[in-house]
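Construct the complete structure from the given sequences, taking the supplied hints into account.
One line per chain: the protein sequences are A and B, in this order. Each residue of the first sequence is one higher than the one before, counting from 1 in the numbering used here. Each residue of the second sequence is one higher than the one before, counting from 1001 in the numbering used here.
Mixed in with the good hints, there may be bad ones.
[As the list claims (entries may be wrong)] Derived list of chain A stretches under chain B, where covered just means 3 residues or more per stretch with a C-beta under 8 Å from a C-beta of chain B:
hint	segment
1	270-278
2	545-551
3	739-748
[What the hints assert, rightly or not] Distance ranges between label pairs, derived from CB positions:
hint	chain 1	residue 1	chain 2	residue 2	range
4	B	Glu1182	A	Asn216	44 to 50 Å
5	A	Asp720	B	Met1080	55 to 61 Å
6	B	Asp1024	A	Asn216	41 to 47 Å
7	B	Asp1265	A	Arg199	46 to 52 Å
8	B	Met1001	A	Arg199	19 to 25 Å
9	B	Ala1365	A	Arg969	27 to 33 Å
10	B	Ser1253	A	Gly879	52 to 58 Å
11	B	Asp1408	A	Leu76	28 to 34 Å
12	B	Ser1253	A	Lys53	43 to 49 Å
13	B	Val1098	A	Asp759	46 to 52 Å
14	B	Ser1253	A	Leu131	54 to 60 Å
15	A	Leu76	B	Ser1253	34 to 40 Å
16	A	Lys53	B	Glu1204	55 to 61 Å
Honestly, the hints are just simulated from the structure, not real lab data. Just so you know, even glycine gets a beta-carbon here, dropped at the ideal spot from N, CA and C.
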Amino acid sequence: MKIEALHIYGFGRFHDEKITVDSSFHIFQGKNETGKSTIRAFIQAVLFGFPSKKELAGRHEPKEGSRHGGSITIRLEDGAQAVVERTAGRKSAGDVLVYTGDGREHGAEWLEGLLGSLDRGMFQGIFCFGLEGLGEIQQLKGSDLNQYIYEAGMTGTKHIASIEKKLQQRLDQLYKPRGQKPEMNTLLQELHEKKKELREWEARFDMYDHLVRQKNEVEEKQAGLKQKKADLHARKEQLQRRQTLLLVYRDLQEVYHHLETLKPFEHVSLDWEEQSTAYHEQRKEAGSQEEEQALAEQQIAARSEGADLNRRIWSVRDSVYALKEKLPLYRKYSDDYNRLQQEAAQHKKRLAEKQHRLGIREETALTKAQTSMNAEEELHDLSGRAKGLQERIRLLEEQIQEHQDQLALQKKDLDTHDGHRRSEEEKQRSAEVVEKQRKENRDGRPVWQQPVLLLQLASVIFFTLGMREMISGHWLMGLIMFGAGFSAAILWILQQQFRAVNRQAAEADNDAAGHTAELDADQRLETSIREKQWEYDREANTYQAALDKKQKADEQWQELLDSMEKWTGTYYFPSPGSLLQAPSFFTAVQEWQKEKKQQEAVEQEMKTLEVYLFGIEQEAEKAAAAIGIPEDSVESTIQAAWNIVEKEEAKEKQYEQDLRDWETVRSRRHYYRKRREQAERSIQNLYHLCGVESGEEFKQAAAAKRQYNDWKTKENWLLDRMRQSLAEGETTSLWFETFETDDSDPDDAIQNMEEAEKDLEHEEDQYRNELASINQEIRTVEEGGTYEQILQQYEEKKGELQRLSRNWKTYRAAREVLNKAKSMYEKERQPEVIQNASSYFSYLTASQYERLFAPIGEETFIVEDNRGFRFTPEELSRGTAEQLYLSLRLALAESYHHNQTLPFILDDPFVNFDRERQSMVFSLLTTLSPHRQILYFTCDHIPASSSGVSSADVYSEDITVAVRGSFTRTLL
Amino acid sequence: MKLRFIHTADLHLGSAVPAGAGADPRLKEQLENSIDRAVEHMIQDAAALQVDFLIIAGDLFDQENRSLKHQIFLKQQFEMLKQQNIKVYLIYGNHDPVDRRYAPSGWPDNVHVFDTEPEVKVFHKHGTPAAHLYGCSYKGKTQHNVASEFVKQPGASFHIGLLHGEEEKNGTHSYAPFLKEELEAKRFDYWALGHIHTRQFLSERISYPGNIQGRHRNETGEKGYSLVELDEDDAAVTFCPVSQVVFAALEISIEDCTGFDDLTDKVLRDISERTFTGASGLWLDITLTGKGMLSDYLEEEREALQDALNRIGEAERPFFYVYRMEDATMADLQQEELEKENHFLGDVARAAAELKQDPKQLENAWSVLYQPTGPGMYLSSGGEEETKEVLEDAERLLWQLWGKETADED
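Put into structure tokens, the structure is as follows:
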């Protein structure tokens, strides 16, 4: 494969740059920073893709607008041409399009098919050769140099050596068989520790059964001890009881002794003492009361001496009481009487007034008149009818008057119309003129007369009808007629105006029009007169009808007057004068009669009151006489009599009271004396019962009895105490018997027992402690939290170790793979590389070194010079080593078998070569170039070919000529 | 007559759960106590459901770690069942054989432990024998066919076998091996199996309930017990989850992920699609797969990613915690056809493939780990599977390193 042209669309500094590569040995010449390495990167990018976006610098994305990428025109081994284009696309590597000579278009797979699995890294290692590669040789020493040169024949790089180094580093970091520090070694140590701890714990678990057994034993012992303690306690309690009971027993003995001495007072009752006190109290109180009553008796007797009473009063006392009661009544009666007197006077005055108003002298005539309901109803009926009739007559009279006026008016109207009539001749002349005019204007204006006439007629008719209806009392109909007439009149006026307008327009017409109008007016006047005549006749008829109705009403009025006459007769009524005033007359008579009745009632009442008042006055006189007081007005007499009676009664009451008091006091004195005597008898009786003579002796006996009771209580209390302390099956008497025979104290025995008890408690404490520590141990083992924790840590560390060793194994395996690959390479492919390299090396050193070989597995080369001496690369001069390196790199490229012979790219690697060596190298490259394209990037000068002409003018501008035209050049 | 009971097995009380190492102490503690919580949950259920009895088909305790704490814990739980008048039938398994003495102070009297010789126990319901239970506890390693010695005995409505073991496979020395056909031939109403930690049915009436709580990455998904309801002609076995903490494995491809944000979103999406009844937390084992540009950065960024996810996970309900994140991706540069390439990298690919064929070579290479007093004594062997995985890791590592070297050169 040869590159024939480059077309850079946009790549680094280049925009739309076209470079033609004319031969298979092409030189790109330019100073530094002219874009040599950019072109190199461009070729690699198009063939193998843009570097990933992480390596931004290597992508050479153009800073300006051009499209990133470009195309390379290549010629394949089979002579076909293809253009490979790569531009920035979706993938970071860019999009590939290939246009082949047959005009077809292909994708990335075409390029993959061409290059196979060769990638950029590999390509660079095999086909790119720069100054750095040789530079390394200046730096490296010893085995590193050997290694480097060795790898130059293997991958063309130093990557494998670097990878191997890294692998070894990681392996060493992880684990060393006898190391301490590497991660796995540390972890291993920790695991050993954890394992030991776990073993210890497991041993503790084995102890567990033993601990449980021990625990049971101690618990059994504890139980035995508890029993023993209980027994001891029971015995101690028995003794303590005996001690208590013995004390009680002794007390009891003393109590019995006291009771014996106080025996004689056993029968004395303590109630007697209380009774005696009560009797003494009674005697004392009764004595003092007796004296008090005697004193009171004397006082009352003294007060009542010489009391005096007025006996005369008693006879009239009741009557005075009654009068006192009647006094308010008397006052009321006299007030009423005065009031009635006034009333009677008023009644009399009113009656006189009414009678005068009625205008009747005879009172009897009024009293006789009947004012029953019947009479009233009849009268009302009569007067009602009279009222209606009278109204009707009045209306009829008015109508008659109206009709008369109307008639006069119409008559006058009729006469006026008659006066307006024109003579017959005039009418005749007008008719002729009109006839003549009509003939001239056959198509005259529309005739207005007809509707105007109709409207006039209607208006008049309706007005007249309305008037008539109003007069005859039909208001509604009248109004409607008036309305209709009015509307007709309005319409007529409107027409009139309209016509007037027309008339103005027609003013210019000849006077024929005037004649026509006059004829029309004549006609209208005639009609109007006829109308008026008809109306006058009708009005006259109506007037006559009204007169007839009036006649009839007057007759009815006469009938009513007769009925009235009859009514007065029936009810003995004085004549009321007018028929219309009859009801009010009737009412006035009624009122008079009522007044009269009231007057009579008042007079009756006054008579009754007079009788009452007189009775009381009589009684008062009588009482005053009896008592002997001077006569006065009834009221003051009664008051005086009452005062005297009241005073006498109070006196009498006082006397009676004293008498009753005196009797009470006397009976009390008697009662208290009896009580006193009874108390004295009872006291004597008590003394007797007690068998004593005096009060003093009685008190002593009671005291003795109290003492006796106290001792008895104590006895009971002690016996109770004893009974409470008894155990089951024991009796007090049994203990009494025991104590009678032996009453020694058990103190010593109790003390012994207490000591024994303390010993037991001490022993118990020991067991308890022992048990606690055993339980503690058991609990620790049972809960085993620490064990679980260690186990967990142990497992975690194991997991970690597993993980690390997996890593270690991976690194180790990687190294193993590399070793194996190397040995495969040595066996299968290295021989070819060596063979080629050997011949290049010999060429470059002008056959100074003839043979190159690699001992299997030693990863180094040996060179042999023409004298048969052997050297390792480090033993060579640096210059020779560089030649060896170059030979190997060229050989590697040569022996890389591919369906295409890929170009070899050199980037000014020989700057530091001396002239002779440069010539040799170029000569070799020239030899190779026919079958493998060589792209050479250089700064400024082109070395002369070894086979070239003289070296002196190699540097001249026409260097192309100097190397026999074997290469082409692009100046950058 | 009807029978309702709980069938559980493989409680493995006292197991250490190292997955929590490095996690928030709160989460770690919850994880470490999760077995106890699950057992408590089951006991509460037993009381609430008023089951007739509880069957534990072996492995109550883990290994020979004689944690008395857990023996006493279980005893307390059984005492709670006693108050509810619920019986417990249990056999010991390979992890808690009878020759190691468990339950130091004896179980309460509602607990019936089967002897090391096959025996029959009778369950009475309403005063009449309702079920015959057949079982046998382990004494040391029991590697003979125990089930074949069970003989069905007349006199009860139901016959239930308790068996801690696994199906016989050719050539392996398994625990209490049995043949499914043989169990079926016994014509029992139910076989309560234990030993296999994954819930599975050998038939409608022969099943493993799985262990009660996941403890590591190989015990994923919801865990719990089986509620078994038997009547004359029907058997209903219902799974009831009781584990608070659920282990789950996620496989996330990094393909199409252009950054770690993308990847994080992808992981969160995957998590949100999973639901586990009653679980308050997920412990996640994430395996990253696929080929993509992120692969090169994973070696360095993996821990940061894990931390970032865990910070998010803390606040989620249920929370999640990524306790393990494995990188099984392919580097962007790594090419499948590379073995044919006549470059050194082709040699590498060929070398790796060859080593996979012959893992012994590698095992020799790391024999240094298994020297006496070396870490080997604490390591569990992953067998050939591990070797293969290690090789894949190694290859990936080489690619990552190669990628980095090339990038450095640019």
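Cross-check of the supplied hints:
| no. | hint | result |
| --- | --- | --- |
| 1 | 270-278 | violated (count 0) |
| 2 | 545-551 | violated (count 0) |
| 3 | 739-748 | violated (count 0) |
| 4 | Glu1182/B <-> Asn216/A: 44 to 50 Å | holds, 47 Å |
| 5 | Asp720/A <-> Met1080/B: 55 to 61 Å | holds, 57 Å |
| 6 | Asp1024/B <-> Asn216/A: 41 to 47 Å | holds, 45 Å |
| 7 | Asp1265/B <-> Arg199/A: 46 to 52 Å | holds, 49 Å |
| 8 | Met1001/B <-> Arg199/A: 19 to 25 Å | violated, 52 Å |
| 9 | Ala1365/B <-> Arg969/A: 27 to 33 Å | violated, 54 Å |
| 10 | Ser1253/B <-> Gly879/A: 52 to 58 Å | holds, 53 Å |
| 11 | Asp1408/B <-> Leu76/A: 28 to 34 Å | holds, 33 Å |
| 12 | Ser1253/B <-> Lys53/A: 43 to 49 Å | violated, 21 Å |
| 13 | Val1098/B <-> Asp759/A: 46 to 52 Å | holds, 48 Å |
| 14 | Ser1253/B <-> Leu131/A: 54 to 60 Å | violated, 43 Å |
| 15 | Leu76/A <-> Ser1253/B: 34 to 40 Å | holds, 37 Å |
| 16 | Lys53/A <-> Glu1204/B: 55 to 61 Å | holds, 59 Å |
When held up to the earlier numbered hints, the structure conflicts with 1, 2, 3, 8, 9, 12, 14 and fits the remainder.
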